[in-house]
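Engineer: Using the sequences provided together with the hints, build the complete structure.
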Amino acid sequence: MTYRLTVNGVATETAAPGMRRLLDVLREDLGLTGTKEGCGEGECGACTVLVDGEVVDSCLVPVCQVDGRSIETVEGLAAGAGSAEPGLAAGTTPAQPGPDLGPLQRAFLETGGAQCGICTPGMLMAGQAFLATGQAPTDAAIREAIAGNLCRCTGYTKIIEAIALAAAAEPGPGG
Amino acid sequence: MTIETPPGRGRSRPKTSAPAPVVVPPGTQTPGLARRTAPLRREGPAKLTGTALYADDLVFPGAWYGATIRSSEPHARLLGIELDPGFDWTRVTVVTAADIPGDNVVSLIRDDQPILVPVGGEIRHQAEPVVLLAAADRETLREARKRVSLRTEALPAVFDPLASSVVIAEFDLAKGDVAAGLAAADLIVDGTYRVGHQEQLYIENNAMIAVPRPDGGVAVHGSLQCPYYVHRALRRGLALDAEQAQVVQAETGGGFGGKEEYPSMVGLHAALLALRTGKPVRMIYDRHEDLTATTKRHPAIVTHRTGVMRDGRIVAQHIELLMDGGAYTTLTPVVLSRATIHAGGPYDVPNVRIRSRAVATNTPPNGAFRGFGAPQSEFAAETQLNRVADAVGLSPLELRRRNVYRVGGITPTMQVLRGGVAGEEVLERAAEASEFERTRSRTAEARANRTDRDRTAHGVGLALAWHGAGFTGSGEARMGSVVSLELTAEGVVRILTASTEMGQGTKTIFPQLAAAELGVDIDEVEIAPQDTAIVPDSGPTVASRTAMVVGGMVIQASRRLRAEVEARTGRPFADSYRDDARNHGASRIDHAFEPYPGVGFDDATYTGDAYPAFGWAAAVAEVEVDLDTYEVTVLSVVAVDDVGRVIHPVLCEGQVEGGTLQAVGYATIEEIKLLDGRYLNDRLQTYLIPTALDAPRIETILVEAAFRDAPHGAKGVGELPMDVGAPAVVAAIHDATGAWITDLPATPERIMAALSGIDPPEPPGISAVSAPPSDPGPVR
Numbered sequence: 064m065t066y067r068l069t070v071n072g073v074a075t076e077t078a079a080p081g082m083r084r085l086l087d088v089l090r091e092d093l094g095l096t097g098t099k100e101g102c103g104e105g106e107c108g109a110c111t112v113l114v115d116g117e118v119v120d121s122c123l124v125p126v127c128q129v130d131g132r133s134i135e136t137v138e139g140l141a142a143g144a145g146s147a148e149p150g151l152a153a154g155t156t157p158a159q160p161g162p163d164l165g166p167l168q169r170a171f172l173e174t175g176g177a178q179c180g181i182c183t184p185g186m187l188m189a190g191q192a193f194l195a196t197g198q199a200p201t202d203a204a205i206r207e208a209i210a211g212n213l214c215r216c217t218g219y220t221k222i223i224e225a226i227a228l229a230a231a232a233e234p235g236p237g238g
Numbered sequence: 059m060t061i062e063t064p065p066g067r068g069r070s071r072p073k074t075s076a077p078a079p080v081v082v083p084p085g086t087q088t089p090g091l092a093r094r095t096a097p098l099r100r101e102g103p104a105k106l107t108g109t110a111l112y113a114d115d116l117v118f119p120g121a122w123y124g125a126t127i128r129s130s131e132p133h134a135r136l137l138g139i140e141l142d143p144g145f146d147w148t149r150v151t152v153v154t155a156a157d158i159p160g161d162n163v164v165s166l167i168r169d170d171q172p173i174l175v176p177v178g179g180e181i182r183h184q185a186e187p188v189v190l191l192a193a194a195d196r197e198t199l200r201e202a203r204k205r206v207s208l209r210t211e212a213l214p215a216v217f218d219p220l221a222s223s224v225v226i227a228e229f230d231l232a233k234g235d236v237a238a239g240l241a242a243a244d245l246i247v248d249g250t251y252r253v254g255h256q257e258q259l260y261i262e263n264n265a266m267i268a269v270p271r272p273d274g275g276v277a278v279h280g281s282l283q284c285p286y287y288v289h290r291a292l293r294r295g296l297a298l299d300a301e302q303a304q305v306v307q308a309e310t311g312g313g314f315g316g317k318e319e320y321p322s323m324v325g326l327h328a329a330l331l332a333l334r335t336g337k338p339v340r341m342i343y344d345r346h347e348d349l350t351a352t353t354k355r356h357p358a359i360v361t362h363r364t365g366v367m368r369d370g371r372i373v374a375q376h377i378e379l380l381m382d383g384g385a386y387t388t389l390t391p392v393v394l395s396r397a398t399i400h401a402g403g404p405y406d407v408p409n410v411r412i413r414s415r416a417v418a419t420n421t422p423p424n425g426a427f428r429g430f431g432a433p434q435s436e437f438a439a440e441t442q443l444n445r446v447a448d449a450v451g452l453s454p455l456e457l458r459r460r461n462v463y464r465v466g467g468i469t470p471t472m473q474v475l476r477g478g479v480a481g482e483e484v485l486e487r488a489a490e491a492s493e494f495e496r497t498r499s500r501t502a503e504a505r506a507n508r509t510d511r512d513r514t515a516h517g518v519g520l521a522l523a524w525h526g527a528g529f530t531g532s533g534e535a536r537m538g539s540v541v542s543l544e545l546t547a548e549g550v551v552r553i554l555t556a557s558t559e560m561g562q563g564t565k566t567i568f569p570q571l572a573a574a575e576l577g578v579d580i581d582e583v584e585i586a587p588q589d590t591a592i593v594p595d596s597g598p599t600v601a602s603r604t605a606m607v608v609g610g611m612v613i614q615a616s617r618r619l620r621a622e623v624e625a626r627t628g629r630p631f632a633d634s635y636r637d638d639a640r641n642h643g644a645s646r647i648d649h650a651f652e653p654y655p656g657v658g659f660d661d662a663t664y665t666g667d668a669y670p671a672f673g674w675a676a677a678v679a680e681v682e683v684d685l686d687t688y689e690v691t692v693l694s695v696v697a698v699d700d701v702g703r704v705i706h707p708v709l710c711e712g713q714v715e716g717g718t719l720q721a722v723g724y725a726t727i728e729e730i731k732l733l734d735g736r737y738l739n740d741r742l743q744t745y746l747i748p749t750a751l752d753a754p755r756i757e758t759i760l761v762e763a764a765f766r767d768a769p770h771g772a773k774g775v776g777e778l779p780m781d782v783g784a785p786a787v788v789a790a791i792h793d794a795t796g797a798w799i800t801d802l803p804a805t806p807e808r809i810m811a812a813l814s815g816i817d818p819p820e821p822p823g824i825s826a827v828s829a830p831p832s833d834p835g836p837v838r
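The listed protein sequences derive, respectively, from chains B and H. In this text, residue positions in the first sequence follow the numbering used here: the first is 64, and each later residue adds one. In this text, residue positions in the second sequence follow the numbering used here: the first is 59, and each later residue adds one.
Please note that the accuracy of each hint is not assured.
[What the hints assert, rightly or not] So the derived list for chain B, only partly shown, Cβ under 7 Å to chain H, looks like this:
id, residue
1, G97
2, C107
3, T183
4, A210
Source of the hints: derived by calculation from the structure; they are not laboratory data. Note that CB positions come from ideal geometry on N, CA and C, so glycine has one too.
Structural biologist: Quick look at the structure:
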């Protein structure tokens with residue numbers, strides 16, 4: 064069966080059995096290995112992607128459910144990062160040359176929100192969805208927004224700080 | 059001395075201007091560190107864009123998939139391996155113990171754990187590897203797994219460490235005369251404390267990919283902490299020479315000790331299949347297999363008898379410690395050693411006796427996990443101390459003030475604490491920042507006025523700990539680690555170490571240390587990949603030794619390189635190293651570990667300097683207990699940690715925050731239940747770790763009481779916060795409810811039992827036994 068997905072803004076066709084996990088389609092068929100698998104049963108959130116802006120665990124979603132939908136993954140966050148670089152002190156040199164980071168990614172880098180990095184892609188997508196709601200970035204609201212994403216390194220402190228920093232730098236529609 | 063780390067830090071330097079090298083006159087003491095700059099995480103951009111490659115992200119064309127067939131009995135004789143003749147086995151590669159070219163042992167401390175149980179051999183736990191399979195696709199592999207059966211003869215199993223007669227290790231420490239001390243004491247307090255298994259729960263499961271090499275050897279790429287542990291295991295098990303065995307660390311999604319030893323097993327399995335098939339073989343564990351088979355924190359039973367005077371002076375501690383090592387030795391003797399030395403807590407007590415024993419049971423082997431035995435024994439020590447405070451009517455803060463180690467204090471191994479003794483400072487800082495005494499009088503008042511209408515109770519709790527920095531005893535001297543530093547002919551400064559990055563910041567702090575010493579910008583220092591074909595053996599990435607020991611060697615190697623280049627050029631290194639590389643060619647320093655002066659430990663008598671230095675930690679936790687459900691919410695933790703020297707404030711705080719939350723999980727929700735030696739909660743739906751909603755607000759205060767014999771003064775940070783979190787939370791639960799919880803985790807069931815005087819749930823860490831089919835069991 065062939066499915067049509069828009070992945071990070073790019074129209075994509077993929078042939079796969081309908082029950083193939085979206086996670087496997089992304090990682091193995093499309094080569095987008097930024098999305099991680101931590102548990103395979105929707106508990107850890109490492110495989111979090113956005114489907115039409117909604118936070119989903121891609122290990123629980125068969126590809127047939129997302130035919131015609133728009134998927135955003137961590138690989139899409141850096142693309143199109145604008146000239147403005149909120150969240151990072153002006154002129155700060157990146158640690159190493161790399162793709163232009165988006166505002167939330169920069170905030171994570173700046174605050175130390177990524178340690179081992181394995182939960183980071185999923186955490187970024189949950190954070191991105193939170194920013195898009197335009198909710199006030201209170202501690203409680205951010206915790207709620209990332210409650211489905213487990214991190215074992217940070218104690219969540221700096222992740223929450225990073226999302227708050229990105230929210231402050233770039234107020235959403237309601238903020 | 060303490061430092062504050064305001065938010066929003068980061069290097070700020072115009073992009074356009076050339077980096078201004080810091081010129082450091084030879085012989086000056088690491089001036090770069092005084093700048094308190096926090097460079098951005100070196101591999102951060104790759105992790106944040108999804109381009110960092112973890113083991114399962116690596117693509118090797120034509121790779122097969124590997125799987126492990128495990129025992130399903132806790133103790134049995136393996137009589138035979140049956141392959142279903144109705145299955146087409148030509149599509150599958152099968153490896154058993156008979157196919158192992160080298161020694162059938164996972165090389166570590168003692169040669170007792172096989173790579174695969176041989177036919178005729180003994181199965182000692184429920185998740186023991188017996189057969190390996192590989193196939194070109196997952197469907198074939200899945201089908202093949204169902205067509206293998208093991209013929210066994212059951213043997214009696216032992217699950218209760220108290221009933222085990224197989225001793226893995228034991229220690230006996232004595233200082234003064236404990237019997238006389240107890241006899242002279244005004245008060246005696248007894249206590250028994252029990253803790254169960256804890257899973258490291260790195261979010262990336264164990265994963266290894268083995269690729270055959272043209273020379274008949276194998277390269278193993280994977281998620282691991284200690285490249286040379288895996289290297290040694292491959293050489294031994296596969297009979298390879300040093301070049302034929304190659305180990306390459308992939309980006310590693312967390313370790314916490316859980317990827318110290320088991321990667322040797324996974325790497326051996328993948329390599330055996332790769333050598334058999336001649337193809338790359340992917341051995342990627344799913345969460346269920348990782349939870350089922352890999353090592354956990356050791357369960358322990360600790361009993362204390364403490365003698366104390368009315369004025370709060372502790373005069374005697376008699377401590378008995380029993381640990382469950384699981385089925386094989388693994389690292390248990392070293393874990394037990396650390397647990398033993400730390401068992402009295404950070405207190406100068408004149409009469410101490412600590413007897414400890416680790417035994418084998420028919421459960422999967424336990425191993426390294428952040429803190430390495432100390433969290434177990436210090437949970438017991440601190441909870442006991444809080445009960446002693448209760449008994450003598452002193453505040454927990456005051457009792458600690460009267461007993462904490464000071465300079466000149468003598469530990470149970472007769473080590474004299476010469477410097478960097480910061481127990482008092484972390485204690486006072488934690489008490490001050492948390493307003494401990496004020497909060498405590500508030501909670502006491504609330505408790506006194508509590509009525510039946512109150513549905514929640516607040517409490518505050520304090521704990522203090524010490525943590526020996528680096529390896530125990532003579533471990534570091536025996537290890538003989540090497541760090542190399544290159545100035546390549548192309549003019550690149552490159553650090554070569556086997557120390558792995560698993561989130562804690564190795565790849566950022568090493569360039570930072572070298573750059574400061576060489577007087578160059580951090581971006582001018584590269585770090586070589588953790589590949590045994592490239593880097594020397596600088597020891598395992600464990601025991602909080604990376605910043606302290608290996609970081610110190612990076613500094614010393616940098617000093618040597620700098621001196622060598624400056625001697626040739628007559629100009630500061632920063633201004634002249636590129637010219638030197640052009641004119642003189644490449645330079646390389648291989649710097650071997652030099653034992654710290656005046657530090658000696660006698661393994662035979664188990665006395666002397668158990669650690670070159672100690673880190674000190676205090677925590678104050680505030681909790682809310684639901685008086686209907688007895689659920690505990692940890693509201694906040696003030697964590698004060700003496701790390702000797704803060705190299706990178708952001709990364710250092712990150713260690714404290716993450717370790718604190720792991721300790722909160724240990725205290726409140728993380729527990730493994732076993733039936734017939736098998737873990738019952740072997741998936742993430744049933745083994746719970748704290749989410750962002752469960753996590754307390756964590757305030758970190760870093761203290762710097764330098765370790766004078768390290769060139770930068772660092773003592774390590776990773777494990778410290780793990781020692782104090784759990785006892786602080788349990789003390790806070792007591793403050794809220796009046797109940798002492800002596801078994802971890804402090805579940806609602808245990809709190810309810812303690813408050814209502816009913817039987818507590820089963821003790822943690824000990825397997826239940828299913829009733830034999832013929833016996834219907836007691837009817838309730």
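Engineer: Compare the structure with each hint and give your call.
Structural biologist: For each hint, the structure was consulted:
1. Satisfaction of the interface hint for G97 (chain B) is found here, the shortest Cβ-Cβ separation to chain H being roughly 2 Å, below the 7 Å cut-off.
2. A distance limit of 7 Å between C-beta atoms decides the matter here; for C107 (chain B) the minimum to chain H is near 6 Å, and the interface restraint holds.
3. For T183 (chain B), the interface hint holds, the least distance from its beta-carbon to any beta-carbon of chain H being 5 Å, beneath 7 Å.
4. Taken as an interface hint, A210 (chain B) checks out: its beta carbon lies about 5 Å from the nearest beta carbon of chain H, inside 7 Å.
Checked against the numbered hints listed earlier, the structure breaks none of them; every hint is satisfied.
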